[in-house]
Amino acid sequence: MVHIRIFYFSLFLIFSQAAYSQIAAPIFRCVRHDTLLWDKPNVTCGAFNRYIIYSARNRSGPYAVLANVNNPNTTFFYNAFTNGEVHYYYLQSDFSCPGQSRLSSDTLSNEPPPLTPIATATVIDNRHVEIIWSRSFSPQAAGYIVYKKTAVGLIPLDTVRSKDTLQYIDSTATPGIQSETYQVLGLDVCGNASLFDKPHSTILLRSQQSKCDQSIALRWNLYQNWRTPIARQELWVGVHGRFPYLFATLGAADTAFTFKGVVNKESYRFYIVAVQSGAPAFTSRSNDRVDTANVIQPVRSLILENVNVNPANHIEIIWTWNADAQIDSFRILRSTDRDTGYIVVSSQKATFPLDEENTFTDTADARKQVYYYKIQTKDQCGAADASNLQSTVLLKAKTTGPLQNQLTWSPLVVPGGKILQYQVYRILKGAVNTVGIPLDSTKLAYADEVGQDAANACYFIGSRYQYTAADGSLQETEARSNVACVQQYARLFAPNAFTPGGHNPEFKPVINFGENIGTYSMIVLNRWGDVLFQTADPAAGWDGKKNGVDLPQGPYAYYIQITQNSVVTESKGIVMLIR
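For the sequence shown, this note's numbering begins at 1 and goes up steadily by one.
No lab work stands behind these hints: they were computed from the structure.
Keep in mind that the hints are not guaranteed to be accurate.
To be verified - Quick list of simulated restraints, FRET-style, between CB atoms:
| no. | residue 1 | residue 2 | range |
| --- | --- | --- | --- |
| 1 | Leu444 | Gly501 | 53 to 63 Å |
| 2 | Glu449 | Phe360 | 31 to 41 Å |
| 3 | Ile578 | Leu444 | 29 to 39 Å |
To be verified - Pairs of lysine-lysine, BS3-like flavour, derived with a Cα cap of 25 Å:
| no. | residue 1 | residue 2 |
| --- | --- | --- |
| 4 | Lys443 | Lys418 |
| 5 | Lys211 | Lys148 |
| 6 | Lys396 | Lys349 |
| 7 | Lys398 | Lys378 |
| 8 | Lys265 | Lys368 |
| 9 | Lys265 | Lys378 |
| 10 | Lys349 | Lys265 |
| 11 | Lys508 | Lys572 |
| 12 | Lys378 | Lys418 |
| 13 | Lys374 | Lys418 |
| 14 | Lys398 | Lys418 |
| 15 | Lys349 | Lys398 |
| 16 | Lys396 | Lys429 |
| 17 | Lys374 | Lys349 |
| 18 | Lys396 | Lys378 |
| 19 | Lys546 | Lys572 |
| 20 | Lys198 | Lys149 |
| 21 | Lys396 | Lys368 |
| 22 | Lys396 | Lys443 |
| 23 | Lys265 | Lys211 |
| 24 | Lys368 | Lys260 |
| 25 | Lys260 | Lys211 |
| 26 | Lys211 | Lys349 |
| 27 | Lys349 | Lys368 |
| 28 | Lys378 | Lys211 |
| 29 | Lys374 | Lys398 |
Quick reminder that beta carbons are idealized off the backbone N, C-alpha and C, glycines included.
Work the whole structure out from these sequences, hints included.
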């Protein structure tokens, strides 16, 4: 029973091998023009009869026998009857191998290899361009030829002998000078080349500086012949050698951009990136354009920082500007009206190198009225610029009673700034001291109670305010007003009696605020109007005598007069002489 099973199993193997054995077809390599080329198959099951060539006008058939090749060593066939039309072919081998079927070769045609579309041509740097193309899926594909457009026409750059290599770097390129144009042909194993697909050209970026506009005008050509349109473009900018960053996203059709705010002598690096729509979204980068700015540097930060009155009541103007500004001239403007009527106080040519902080002293008398100032510049392109304005603070002072001085002042005008507080300062005998606590910005008056030693007091107001500096930071400073002085005029207090030889031995007045007396006169009279005593010395008193002789007890008349700064102070009355 076991032997019978082995017999049937062996018989099954023999019939199975016979059923599934097949005769290998010729190895169909390619069709060069209208000549079919193949390699001999390895068939050992029987004698060679022929190679059968099938042909059709369409890839899907119907196929018919075109020719039989009876020589086993013949590996080509020329079809002279294509009439320039496309024909499709496959081959079979006919060997005397009973029970075995014939395999068919690949189906090839006399068409050239399919087009090889470029995916993108992009600039690596100003001497290299990378070309990337799509893979050829033709079974005949063997490689590619990269072509480049030159002044003498389209020339081959190189042959890429691998169908899997889809990239080439042109090291002979000059994409910083011109737009480079490329095409790629597909090759098959027989050396047939495809037709040319659409050319792709790199983006050439150009630039031009404008000295007076402080700008760089950028121009470029659009990337063309992607199979889908451009989705967007990007402008990348690097400043002073730093790595470029995405500065702006541009429209698909834009070919120009003006880069503004250029700083003189600064280095700028630009390039454009075009982005394809769809997926995958290829990109193409332009050449690098590097510009070292050669522009007229404008005034960027003209700030009037302070209008300050000095102790001589002249006005000091302090301002800043960017020290790299190429200023031709500047003017100091003054007005008694905030909005109109500005006159030129000083007009000067700029001297270089510029100082960032500048001062000018106007000899106008700050005690007369409020003044408004601003600075005006003109650069070397004739462009004018003006600073913010600022006013002086006008202080007035007067005495409103014994030992009291009243101060009033105009508000500080500093548009764009913030007034924080006002501080009253008193100058007494050369010493400067604050008076009271700082006042808020709404207070414009102050009553100062003074002592007996403050007959002559001078004052100024310190206006503390905040402004924005050129670097954007908030700064605080103080502007002084003019100096205003108050004279407390003399006040006389005469006694009504005195006792020669006693505790009050002579008659003379007590004088408060007796400093700066211009003239002094005291006269003592009897009842008949005779002058008994007379002096021009405030320190001298009457001792009750006339020509060294004691006068009798009784009432006597007196008259006292003091002149201070054209102000006359008088006192008259009766004093009792007591013995």
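Hints and how they fare:
1. Leu444 with Gly501: 53 to 63 Å: holds, 58 Å
2. Glu449 with Phe360: 31 to 41 Å: Roughly 39 Å apart at Cβ, these two residues keep to the hinted range, so it holds.
3. Ile578 with Leu444: 29 to 39 Å: Violated, at about 54 Å.
4. Lys443 with Lys418: holds, 15 Å
5. Lys211 with Lys148: violated, 38 Å
6. Lys396 with Lys349: Violated. Lys396 to Lys349 sits at ~37 Å, over the 25 Å cutoff.
7. Lys398 with Lys378: Status violated; Cα separation ~45 Å.
8. Lys265 with Lys368: Status violated; Cα separation ~48 Å.
9. Lys265 with Lys378: Roughly 21 Å between the alpha carbons, so the hint for Lys265 and Lys378 holds.
10. Lys349 with Lys265: Distance of about 23 Å is within 25 Å: holds.
11. Lys508 with Lys572: holds, 12 Å
12. Lys378 with Lys418: violated, 28 Å
13. Lys374 with Lys418: Roughly 18 Å separates the two Cα atoms, so the pair holds.
14. Lys398 with Lys418: violated, 29 Å
15. Lys349 with Lys398: The hint is violated at about 44 Å.
16. Lys396 with Lys429: holds, 20 Å
17. Lys374 with Lys349: Holds, at about 17 Å.
18. Lys396 with Lys378: violated, 38 Å
19. Lys546 with Lys572: Holds. Lys546 to Lys572 sits at ~20 Å (cutoff 25 Å).
20. Lys198 with Lys149: This hinted pair holds, its Cα atoms lying about 12 Å apart.
21. Lys396 with Lys368: Answer holds: Lys396 to Lys368 is near 10 Å, not above 25 Å.
22. Lys396 with Lys443: Within the cut-off at roughly 14 Å; holds.
23. Lys265 with Lys211: holds, 12 Å
24. Lys368 with Lys260: violated, 46 Å
25. Lys260 with Lys211: Judged against 25 Å, a Cα distance of about 11 Å means the pair holds.
26. Lys211 with Lys349: Measuring from Cα to Cα gives roughly 21 Å; hence the hint holds.
27. Lys349 with Lys368: Since the Cα atoms of Lys349 and Lys368 sit roughly 30 Å apart, the hinted pair is violated (cutoff 25 Å).
28. Lys378 with Lys211: Given pair Lys378, Lys211 holds - Cα atoms ~15 Å apart, limit 25 Å.
29. Lys374 with Lys398: violated, 31 Å
When held up to the earlier numbered hints, the structure conflicts with 3, 5, 6, 7, 8, 12, 14, 15, 18, 24, 27 and 29 and fits the remainder.
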